[in-house]
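I would like the entire structure built from these sequences, with the hints used as guidance.
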Amino acid sequence: MQLYLPIAEMTVNMFLFLAMGGAVGFLSGMFGIGGGFLLTPLLIFSGISPAVAVATVTPQIVASSTSAAISYWRRKLIDEKMTLFLLAGGVFGSGLGVVVFSALRSVGQLDLIISIAYVTFLGLIGGLMLKESLGALRSVRKEGKLRSAAGTHHNWIHGLPLKVRFRRSKLYVSLIPVVVLGFGIGFLGTVLGIGVGFIMIPALIYLLRVPTNVVIGTSLGYIMVTMGVATVLHSVANKSVDVLLAVLLMIGGVIGAQFGAQVGQALRGEQLRALLALLVLAVGVRFLLDLVLPPDQLYSLAIVGAP
Amino acid sequence: MIRFARILLVSGIAFCLCGPAAAEELVSALSDEEIEIRSDFVGSRIVVFGAITKQGGISQDPNYEVAVVIEGPRSDVIARKKDRRLGIWLNSESRRFYNVPSYYSVHLSENYSAAASERQLQQFRLGLHNLNFYRSVYNSKDIAFADALIELRREQGMFAELPDAVGFLAPNVFRTTFHLPSVIPVGTYRVSVYLFRDEVLVGAQVQNLKIAKGGFSDQIAKFADSQGLAYGLAVLVIAIATGWLAGVIFRRN
Chain P
4 MQLYLPIAEM
14 TVNMFLFLAM
24 GGAVGFLSGM
34 FGIGGGFLLT
44 PLLIFSGISP
54 AVAVATVTPQ
64 IVASSTSAAI
74 SYWRRKLIDE
84 KMTLFLLAGG
94 VFGSGLGVVV
104 FSALRSVGQL
114 DLIISIAYVT
124 FLGLIGGLML
134 KESLGALRSV
144 RKEGKLRSAA
154 GTHHNWIHGL
164 PLKVRFRRSK
174 LYVSLIPVVV
184 LGFGIGFLGT
194 VLGIGVGFIM
204 IPALIYLLRV
214 PTNVVIGTSL
224 GYIMVTMGVA
234 TVLHSVANKS
244 VDVLLAVLLM
254 IGGVIGAQFG
264 AQVGQALRGE
274 QLRALLALLV
284 LAVGVRFLLD
294 LVLPPDQLYS
304 LAIVGAP
Chain S
1416 MIRFARILLV
1426 SGIAFCLCGP
1436 AAAEELVSAL
1446 SDEEIEIRSD
1456 FVGSRIVVFG
1466 AITKQGGISQ
1476 DPNYEVAVVI
1486 EGPRSDVIAR
1496 KKDRRLGIWL
1506 NSESRRFYNV
1516 PSYYSVHLSE
1526 NYSAAASERQ
1536 LQQFRLGLHN
1546 LNFYRSVYNS
1556 KDIAFADALI
1566 ELRREQGMFA
1576 ELPDAVGFLA
1586 PNVFRTTFHL
1596 PSVIPVGTYR
1606 VSVYLFRDEV
1616 LVGAQVQNLK
1626 IAKGGFSDQI
1636 AKFADSQGLA
1646 YGLAVLVIAI
1656 ATGWLAGVIF
1666 RRN
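Residue numbers (the numbering used here), protein chains in the order written: chain P, 4 to 310; chain S, 1416 to 1668.
Hints are computed from structural coordinates only; laboratory data are not their basis.
Since we're looking at a predicted model, the values are computed, not measured.
Where a beta carbon is used, it is the ideal one built from N, C-alpha and C, also for glycine.
Worth double-checking, as some hints may not be accurate.
[Unchecked claim] From the structure, some residues in chain P lie toward chain S, with a derived Cβ separation under 10 Å: (1) Leu-8; (2) Met-13; (3) Leu-45; (4) Ile-47; (5) Gly-50; (6) Ile-73; (7) Gln-112; (8) Ser-118; (9) Ile-119; (10) Lys-134; (11) Leu-137; (12) Met-227; (13) Gly-231; (14) Ser-243; (15) Pro-298; (16) Leu-304.
[Stated by the list, open to error] Here chain P is said to cover these stretches of chain S; the calculated rule only asks that three of the stretch's residues, wherever they fall, bring their Cβ under 8 Å from a Cβ of chain P: (17) 1447-1460; (18) 1543-1554; (19) 1558-1564; (20) 1593-1605; (21) 1645-1651.
Here it is, written out as structure tokens:
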């Protein structure tokens, strides 16, 4: 069935985008990620302009993180205080992100920056996750049990001033790294249209030593709010959020996530992480190829200021 | 609408047959004067009809030539070219072209003798390579950008040039059909009909064609455009509600 998207200004096959949302939802249910890093490139690949794709993925991430955050909230696995401090930085990060996004779009280098950032972050995170999960798989085979992911040693971050106590995370750390982390992730999430859970989670575990069970809930709460802010800011500044496209992606995503979660529960944690690492790396490699291989079409057009 | 156009057309012919016209009279009509882009829009078809009348009747072999142009609203376009720098392909050089039509399609009649008419086409700015933005560039590098612009728009179905597309139903009645793609931008379009006899322009007519978002699409687009904040908040509420609903359903399972 064909549907005209009023903001993207094109007619699309509804089922294609429901299926796309479903496929990404399946993976996000399976791996516990937002899936923005998969969905944004998929949308761009299917002809949606990068600006609309990036902006429209933000409400889809709000929907998927809300549904998961609710269950973490019930089980008291969200550190609200830490979420608030992360958000304090995140709101400014998102604000700067929207400004930079608009500026890059007008200079014509938005696609380039998005591609380079994807290659960098996906390559880095994918590589680290693959290394960690392969190590875990090997040690499971050898010793039959899992090493703990994070050490208990204090690092340089714990020497910073302005310390605050986070009860639920059982932490006493400086505000500075928390706010800076929130700022950086808010900025990246807005510019790249990704929920950045896959950057947030390792950062909270390895840098701040937040207990793993609280990390996912805290990260979800943070993502929900920053992506919510990004949705509104993109609507105001760029007018590029397509509500019909967002609804198609949400419906597909919610249904897909249900099946994904079932498959995910049948697999072991380190197997899941290895698969996710491969997926992340594959997307990164695809972006890398786009950057280094000669493009099919050397020229591109941008319309400026209608009279 | 088509029937309406036919009535218009027929009455036009009738009027001209009685009228005191000295030379050729050109009458043309569109199958639609307004196209609404609704939620199920998959592109549209627009038919342009025309009739030629002349006092004392037209000769047996009149050698008429017709060009019909549909032109969309103009805007400036920046064409960018990718170049390899430090091993990666990135946008480097760009050119700005002024007043480029968002849509431009010209249909010529089948008896349009290309060689002799080239001068006329240039004179009346008919054809993609006769548009002002193209004729304002001279050096070969700029022309490469302008050529790329035309090529890209052609691929999108936004630019077209069809030499055999206006058919004569009778020596003095012609018709042509335009297919507008689903990505067509909204705005007021100009439909121009040019009539030539023996390489001389004998008549021309310009009409407006309005393309606008209609119904639900229109309401959403207007809402998003005029009240960005309220629109953003509404999208946010939908997202949270969908997520919350999903959370409830998940828990039941």
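Hints and how they fare:
1. At a threshold of 10 Å, the smallest CB-CB gap from Leu-8/P to chain S is about 8 Å, leaving the interface hint in force.
2. Here the hint on Met-13/P is kept, as its CB sits about 5 Å from the closest CB of chain S, short of 10 Å.
3. Against a cut-off of 10 Å between C-beta atoms, the interface hint on Leu-45/P is violated, since the closest Cβ of chain S lies about 19 Å away.
4. Because the closest C-beta pair between Ile-47/P and chain S is about 16 Å apart, greater than 10 Å, the hint is violated.
5. Satisfaction of the interface hint for Gly-50/P is found here, the shortest Cβ-Cβ separation to chain S being roughly 9 Å, below the 10 Å cut-off.
6. Because the closest C-beta pair between Ile-73/P and chain S is about 4 Å apart, less than 10 Å, the hint holds.
7. Interface restraint check: Gln-112/P against chain S, minimum CB-CB distance 6 Å, threshold 10 Å, status holds.
8. A hinted interface residue such as Ser-118/P counts as satisfied when its beta carbon comes closer than 10 Å to some beta carbon of chain S; here the least separation is about 8 Å, so the hint holds.
9. Interface restraint check: Ile-119/P against chain S, minimum CB-CB distance 8 Å, threshold 10 Å, status holds.
10. The closest approach between the C-beta of Lys-134/P and any C-beta of chain S is roughly 26 Å, which is over the 10 Å cut-off, so the hint fails.
11. With a cut of 10 Å, the hint placing Leu-137/P at the interface with chain S is violated, because the nearest CB-to-CB distance is about 29 Å.
12. The criterion of a C-beta within 10 Å of any C-beta in chain S is met by Met-227/P, whose closest approach is roughly 8 Å, and the hint holds.
13. About 5 Å separates the beta-carbon of Gly-231/P from the nearest beta-carbon of chain S, less than 10 Å, and the hint is met.
14. A hinted interface residue such as Ser-243/P counts as satisfied when its beta carbon comes closer than 10 Å to some beta carbon of chain S; here the least separation is about 9 Å, so the hint holds.
15. Against a cut-off of 10 Å between C-beta atoms, the interface hint on Pro-298/P holds, since the closest Cβ of chain S lies about 6 Å away.
16. Against a cut-off of 10 Å between C-beta atoms, the interface hint on Leu-304/P holds, since the closest Cβ of chain S lies about 5 Å away.
17. Evaluation of the coverage hint for the region 1447-1460 of chain S: fulfilled, as 7 residues show C-beta separations to chain P shorter than 8 Å, against a requirement of three.
18. With 0 residues having a beta carbon nearer than 8 Å to a beta carbon of chain P, the region 1543-1554 of chain S misses the requirement of three or more and the stated coverage is violated.
19. Counting residues of the region 1558-1564 of chain S whose CB lies closer than 8 Å to any CB of chain P gives 3, which reaches the minimum of 3, so the coverage claim holds.
20. Counting residues of the region 1593-1605 of chain S whose C-beta sits closer than 8 Å to any C-beta of chain P gives 3, which meets the bar of three, so the coverage hint holds.
21. Evaluation of the coverage hint for the region 1645-1651 of chain S: fulfilled, as 6 residues show C-beta separations to chain P shorter than 8 Å, against a requirement of three.
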